Amino acid sequence: MVLVFFAYFALASIAAGVMTVSLKNPVHCGLALLALLLHVSGLFIILNAEFLWAVQVIVYAGAILVLYLFVLMLMNLKTDDRYFHSSYLYFLVPAAIGSLYVLALLIRSPFGGAKGDAPAEAILRDGDTHAVGIKMFSEYLLQFEIVGVFLLGAVIGAIVLAKTPKPANKERKA
Amino acid sequence: MVPLSAYVAVSAVLFITGLLGVVIRRNFIIVLMSVEIMLNAANINLVAFSHYLESMAGQLVALFIIAIAAGEAAIGLAIIIVVFRGKISTNVDEMNLLKW
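Chains D and R supply the protein sequences, listed in that same order.
According to our numbering, the stretch in the first sequence is residues 1 to 174, in order.
According to our numbering, the stretch in the second sequence is residues 1 to 100, in order.
Isolated chain R (complex conformation) (with noise of 0.2 Å):
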């Protein structure tokens, strides 16, 4: 039997990996990315609370999640296009065009 803190412990890495996408990474579409695997985490982190608990609830929320995550690839990549046409690289330290 694999104990819970195991897979906490996989979700905290992943986590973390993801948040270190978010802050060195410099492409914007990677950085979403980045954003994907700490939602995945977070989902292990539920699921896994929701079979040792027994309890449905976290993987409702992990559904929800999922659902929110497909909402913000759709609207970031949309962002992305905008940003792009405007001959703008994807660099987001490049991008300045809320700045003023």
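If we strip away everything but chain D, and leave its shape as in the complex, we get (with noise of 0.2 Å):
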């Protein structure tokens, strides 16, 4: 059963994200982000991961994506007949080359490591969220502040960056 869940959104996400990037309209492109996001979040539910299956949810189809069409339906853009970068097609062929030797490495792979402290049965017994705030606020509190401190610094960069500039009529007199 959780293999076909795991089919069936790993192969809607993958499908999501090759119509992000090939589809023409730049919305449609957006809702098909939007389509990758949510199929993400459901492979975190897959891995025991519930917490961050709530933030993707939230902040990243709530709150980013809406951000990213926002100004896609500010700008009214036009979609030109030209929508890929001139020489697309010399990347394409060396692309897949590569990728399709790197998948086969990965999947060839073993990928053994050592264990960590947290077991599924102790995250399944108190909860994702739980665990993930016992170890955010104690071993990884700077991280936390680093983050918070990033992102007061990208919103005051935003509003400054996006402000209207005053009219330059106050001339210099020399």
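Calculated from the structure, these hints are not laboratory results.
Bear in mind the structure is a predicted one, so any value in this text is a computation, not a measurement.
Be aware that one or more of the hints could be misleading.
No farther apart than 30 Å at their CA atoms in a straight line, the calculated lysine-lysine pairs in the DSSO-like style are these [said to hold, decoys possible]:
1. K99/R x K163/D
2. K166/D x K99/R
3. K115/D x K135/D
4. K99/R x K24/D
From the derived model, a few chain R residues whose C-beta atoms are all more than 12 Å from chain D [what the hints assert, rightly or not]:
5. N96
6. L98
7. K99
Partial chain D-side listing against chain R, Cβ under 8 Å, derived [claimed, not checked]:
8. F6
9. Y8
10. V40
11. A61
12. A63
13. L67
14. Y88
15. S109
16. D117
17. V132
18. F150
For every residue, glycine included, the Cβ atom is placed at its ideal position computed from N, Cα and C.
Please assemble the complex out of the two chains, which come individually in their own frames, going by the hints.
Structure, rendered in structure tokens:
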């Protein structure tokens, strides 16, 4: 059963990603990106990460994507016929060959490693949110604060960048 | 049980899709969306390893990545608005303000 859900979410997210890259109308690309984000959040559910699922749906699909669509509709872009870069065919063949090679390497490798301190039973007992919270506010507190400062800087930077410039009518009296 | 390499393969395919989008698209907003695809691919990888190696670190880093993606989207879209206000199109190969 898990396998069926995994196959659905994986194939749908890959299809949505390809549509995001290849569709012509930018608004359609944004909606395909929405489908991609929701299916990736389904993968998070399969992996017992329901807090990340909620964050993905709320922050990514709810806030970031709305920001993208807002700017798209604000600017009223007209799509020109040549929406790909002029020489993209030169990229496609090497990318396909390289990615097939990397895929073959990835599928063959066993990916072992030392196990950490959060087995699935412990996460399922208290819930993923509890586990994330305990870890984030003990070991990762410094990183959490750094991310907070980063977001503050991003907010201030976005406001400063997108502010309407003052009309430059004050000539300098020499 | 789904093997870990299946998640890694899905993440690799998504990452390459996003990389191709960054390289071949001309619209700057679509380029930023492709960057979001790549960040999501990295998130799948982190959460899958966090589950299979039984450690919470991957999920925390995935959370930080989501926060950074939000900041990146805000700054990138603000830059697009500034460029578009100067009546320059949003095609990446026609933007050369910083060239000298």
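Evaluation of the provided hints:
no., hint, result
1, K99/R x K163/D, "23 Å, holds"
2, K166/D x K99/R, "25 Å, holds"
3, K115/D x K135/D, "16 Å, holds"
4, K99/R x K24/D, "28 Å, holds"
5, N96, "15 Å, holds"
6, L98, "14 Å, holds"
7, K99, "18 Å, holds"
8, F6, "5 Å, holds"
9, Y8, "12 Å, violated"
10, V40, "5 Å, holds"
11, A61, "11 Å, violated"
12, A63, "7 Å, holds"
13, L67, "6 Å, holds"
14, Y88, "4 Å, holds"
15, S109, "7 Å, holds"
16, D117, "7 Å, holds"
17, V132, "6 Å, holds"
18, F150, "6 Å, holds"
Going through the hint list in order, the structure does not satisfy hints 9, 11.
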